[in-house]
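Chemist: One letter stands for each residue in the lines below.
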Amino acid sequence: MSSQTKLFAALFLALIVVWGGTALYLERQIEKERIEYKKREDAIGRYEALKALWSQKAQKEAIKRVESMLRIYGIKAETKKTGGKRLYSFTVDAKRADKVLSKILNSNIAINSFSVKKVSDRELEVKIGVAP
Amino acid sequence: MALYYIRENGTVVKNREEDIAVLSPSLYWFAHADFPTSSLAKARRLADSFLSSRPSSYTAIYVEKRGDGFDCYAYDKERISELLKECGCSDAPLYFLQQFAEQLPLRIDDNLVAQTLNGVAIEVAQSQDGLPSLDSLDFGSLAKPINKRSVGISKIASISLLVLLLFAAAGDLALRYQTLEAIKEKSASLGGGKSMYEIKALLKNYKKVDIEQRRLRNTIKKALGKKMKMLECTPKKGCSYE
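Chains A and B, in that order, are what the protein sequence lines are.
If you want the numbering used here, it's the 1-based position in the first sequence plus 17.
If you want the numbering used here, it's the 1-based position in the second sequence plus 446.
Among the hints, erroneous ones may be present.
To be verified - Just some of the chain B residues that point at chain A, by a computed CB distance under 7 Å:
| id | residue |
| --- | --- |
| 1 | S604 |
| 2 | L608 |
| 3 | L611 |
| 4 | I629 |
| 5 | G637 |
| 6 | I645 |
| 7 | L648 |
| 8 | L649 |
| 9 | V655 |
| 10 | L662 |
| 11 | R663 |
| 12 | K675 |
| 13 | E678 |
| 14 | C679 |
| 15 | T680 |
| 16 | G684 |
To be verified - Sample of chain A residues at the chain B side, in silico, Cβ under 7 Å:
| id | residue |
| --- | --- |
| 17 | I47 |
| 18 | W71 |
| 19 | K74 |
Derived from the structure by calculation, the hints contain no laboratory data.
In this text, a Cβ means the ideal position worked out from N, Cα and C, and glycines have one as well.
Using the sequences and the hints given, assemble the complete structure.
Modeler: What follows is the structure in structure tokens.
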């Protein structure tokens, strides 16, 4: 084999080694970035889902929905605001209590305190603290 | 297996372990030239005009580097092929006697001696004794036979291949780099430019609220199923009832 052929063979080999090495490095970086992207996408997906339930904006909307629900059921709720917290007090008919309370509990309002007191056989006094 | 000394007037055959053929000076035209180049390819082109006084049938040119110059040979390829076929040694490695000039003189047969005259190998008819025989030729010192090409590829082909490989490598790596950058960009645009640390911190806060609220609701639902006068619940303390 002539020295020229040896030189070209060495250059080919060097080029292939550099190419292969760089390609392997880039491939690993791509794989790493793909994993990072997937993780980020998952985290953002979960964050967005929880944000839709518990963000301040979502809480304001949830409170509005609960207030209108109470109005529909003809319940007059007293509202006390203390330091950004709201305390809703209302009396509910014992027959309707299950429905009204389950609607409140199935909503996404952030309940800070919850109390139910039996006023009479027919009525319950409900106090719900909400922290938007 | 034999050593064939190919001549116009009959081939001399000597026993040998492998087939080898040597051409008599009567079958080729030889000249040593100092061309103003070190390239064998250029020397080959120059040799064609340099050996212009050769017989017209000697169209095949063979050039090899020797010292600072080149040994140029011209021969009749077809005639030599015929002679090789006749002796049944077409596939044998073929050499010019001139290539063994340093090993001369030696005896070819009883009446023929190969020797050099001003560095050129010639045949002389004489019956002088005491010379080494033709089969004492050392082939190991020669680079290659004239009918076997050396392993290798031409300079232009090598450079072209190298450039092609370089472009292929550059293209491939550029595509991979673009893919990497595209993923990075796409990843950065997710979540309105928030860092992963910020997203994790926000997610942690919301998760805490979510778990707390679910737990509170489950406890309230369980407590409401029981008969009681009063029920009080907070996320931290849980429920107490009478």
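Chemist: Against each hint, give a clear statement of whether it holds in the structure.
Modeler: Okay, the hints, checked on the actual structure:
{"no.": "1", "hint": "S604", "verdict": "4 Å, holds"}
{"no.": "2", "hint": "L608", "verdict": "6 Å, holds"}
{"no.": "3", "hint": "L611", "verdict": "6 Å, holds"}
{"no.": "4", "hint": "I629", "verdict": "4 Å, holds"}
{"no.": "5", "hint": "G637", "verdict": "5 Å, holds"}
{"no.": "6", "hint": "I645", "verdict": "5 Å, holds"}
{"no.": "7", "hint": "L648", "verdict": "6 Å, holds"}
{"no.": "8", "hint": "L649", "verdict": "5 Å, holds"}
{"no.": "9", "hint": "V655", "verdict": "5 Å, holds"}
{"no.": "10", "hint": "L662", "verdict": "6 Å, holds"}
{"no.": "11", "hint": "R663", "verdict": "5 Å, holds"}
{"no.": "12", "hint": "K675", "verdict": "5 Å, holds"}
{"no.": "13", "hint": "E678", "verdict": "4 Å, holds"}
{"no.": "14", "hint": "C679", "verdict": "4 Å, holds"}
{"no.": "15", "hint": "T680", "verdict": "5 Å, holds"}
{"no.": "16", "hint": "G684", "verdict": "11 Å, violated"}
{"no.": "17", "hint": "I47", "verdict": "5 Å, holds"}
{"no.": "18", "hint": "W71", "verdict": "5 Å, holds"}
{"no.": "19", "hint": "K74", "verdict": "13 Å, violated"}
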